[in-house]
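Enquirer: Protein chains in written order, with the working numbering: chain L, 1 to 114; chain D, 1001 to 1115.
Just so you know, these hints were derived from the structure itself, not from any lab.
Don't take every hint at face value.
Lysine-lysine pairs mimicking BS3-like chemistry, simulated, CA-CA at most 27 angstroms apart [stated by the list, open to error]: (1) D:Lys1022 to L:Lys26; (2) L:Lys26 to L:Lys98; (3) D:Lys1058 to D:Lys1069; (4) L:Lys98 to D:Lys1049; (5) L:Lys26 to D:Lys1049; (6) D:Lys1077 to D:Lys1049; (7) D:Lys1069 to L:Lys26; (8) L:Lys98 to D:Lys1058; (9) D:Lys1049 to D:Lys1069; (10) D:Lys1022 to D:Lys1077; (11) D:Lys1077 to D:Lys1058; (12) D:Lys1049 to D:Lys1022; (13) D:Lys1058 to D:Lys1022; (14) D:Lys1069 to D:Lys1022.
One-letter residues, chain by chain:
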Amino acid sequence: DAGVTQSPTHLIKTRGQQVTLRCSPKSGHDTVSWYQQALGQGPQFIFQYYEEEERQRGNFPDRFSGHQFPNYSSELNVNALLLGDSALYLCASSLAGKTYSPLHFGNGTRLTVT
Amino acid sequence: AQSVAQPEDQVNVAEGNPLTVKCTYSVSGNPYLFWYVQYPNRGLQFLLKYITGDNLVKGSYGFEAEFNKSQTSFHLKKPSALVSDSALYFCAVRDLFSSASKIIFGSGTRLSIRP
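Excised from the complex, chain D in its bound form (with noise of 0.2 angstroms):
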């Protein structure tokens, strides 16, 4: 079965740090993997994905995420936190065994940025 962990449930970094979150996957083939940000009473939002090619995937907002094959991780970054960034963040994968476009979320890790 495709999934993905992620084993931080918060975050807290001062701003004008970097940032990382957490996932990490667990797949039959490969993997197809995707970042989203849910602001409070709001959808997620997508943030980047991996499919293939390079290990280092560049997305919206400054973000980028690092996929290691060897750790079977897929880590969400920033180079410089703002107070903006707070908000809940879902690793996510596609799963390949399903004939609709089913994506596996994770437990969501809460990034909180102080001022």
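Just chain L, with the same shape it has in the complex (with noise of 0.2 angstroms):
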């Protein structure tokens, strides 16, 4: 039974720059949600996809983009890198209706923005 999976496991940009991360759900899974990870901190939510559209979205901007695929995979764009956005981007999946079913987290996304 495949996990969540994400790639890549890090990546270094440079400040202006456009990065794409990748998820894949948990086998059986249908809904992705991203959160960001600053060091020393916990999970922040950016948004959440289900039926290939964003469902909810936290505070963060538009630069900040996401999609999913019919296969329910997703990605998570960002634009314009500034230094703070350096951190653990997590994917984590669930299946709609099951409200009250935990998170399964992917390993992440290490961003290094320099």
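Given two chains presented individually in distinct reference frames, assemble the corresponding complex, making use of the accompanying hints.
Expert: Structural data, given as structure tokens:
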């Protein structure tokens, strides 16, 4: 049973560049959430995708955008990178309708912006 | 607004001793609470959850948590700590006002178990 997989594991970008992170949900899951975890902090909700649409968005600027594909996989795009975007980006999957089931997390993508 | 607070940045315990990692919550309505653990360079792993029912919830790796409504707390506990329990622990609450299955996390507590 494949868990949540994220790629790449590490990424180094320069300020102003754009980045795309990828996530495949756990088998059987149809909902993908993205979180940003800055060093020494708890994960912060970026947005969630279900049925290929953004279902809810956290307090992040429009530079952060996403997409969900028909196979439920998802991408997170960040434009015009800032130094403050350096963080661990976590993808979590779940099954819609299972409101109180825990989220299943991938190991994350460590993004460093120089 | 739903929120959780973890008052301790770090907890140090000797191996074999009991451990407690503290969490308090602030919610409107019934709280749905979770504990997750994060090992270095890894994602978060689910430990246990409280939805309703028994105030003592048992989870993975011998951990348990005690829900206390009067004190609005949900402390994580283990009777006998192992060195391998050393990790970052997050308390979390389901955002009941979210149309999505949004989870709100605390700031985390680093647990260090010394041999």
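Enquirer: Taking the hints in turn, state whether each one holds.
Expert: Hints, one by one, checked against the model:
no. : hint                   : result
1   : D:Lys1022 to L:Lys26   : violated (30 angstroms)
2   : L:Lys26 to L:Lys98     : holds (14 angstroms)
3   : D:Lys1058 to D:Lys1069 : holds (17 angstroms)
4   : L:Lys98 to D:Lys1049   : holds (14 angstroms)
5   : L:Lys26 to D:Lys1049   : holds (20 angstroms)
6   : D:Lys1077 to D:Lys1049 : holds (13 angstroms)
7   : D:Lys1069 to L:Lys26   : violated (34 angstroms)
8   : L:Lys98 to D:Lys1058   : holds (20 angstroms)
9   : D:Lys1049 to D:Lys1069 : holds (15 angstroms)
10  : D:Lys1022 to D:Lys1077 : holds (9 angstroms)
11  : D:Lys1077 to D:Lys1058 : holds (10 angstroms)
12  : D:Lys1049 to D:Lys1022 : holds (15 angstroms)
13  : D:Lys1058 to D:Lys1022 : holds (16 angstroms)
14  : D:Lys1069 to D:Lys1022 : holds (14 angstroms)
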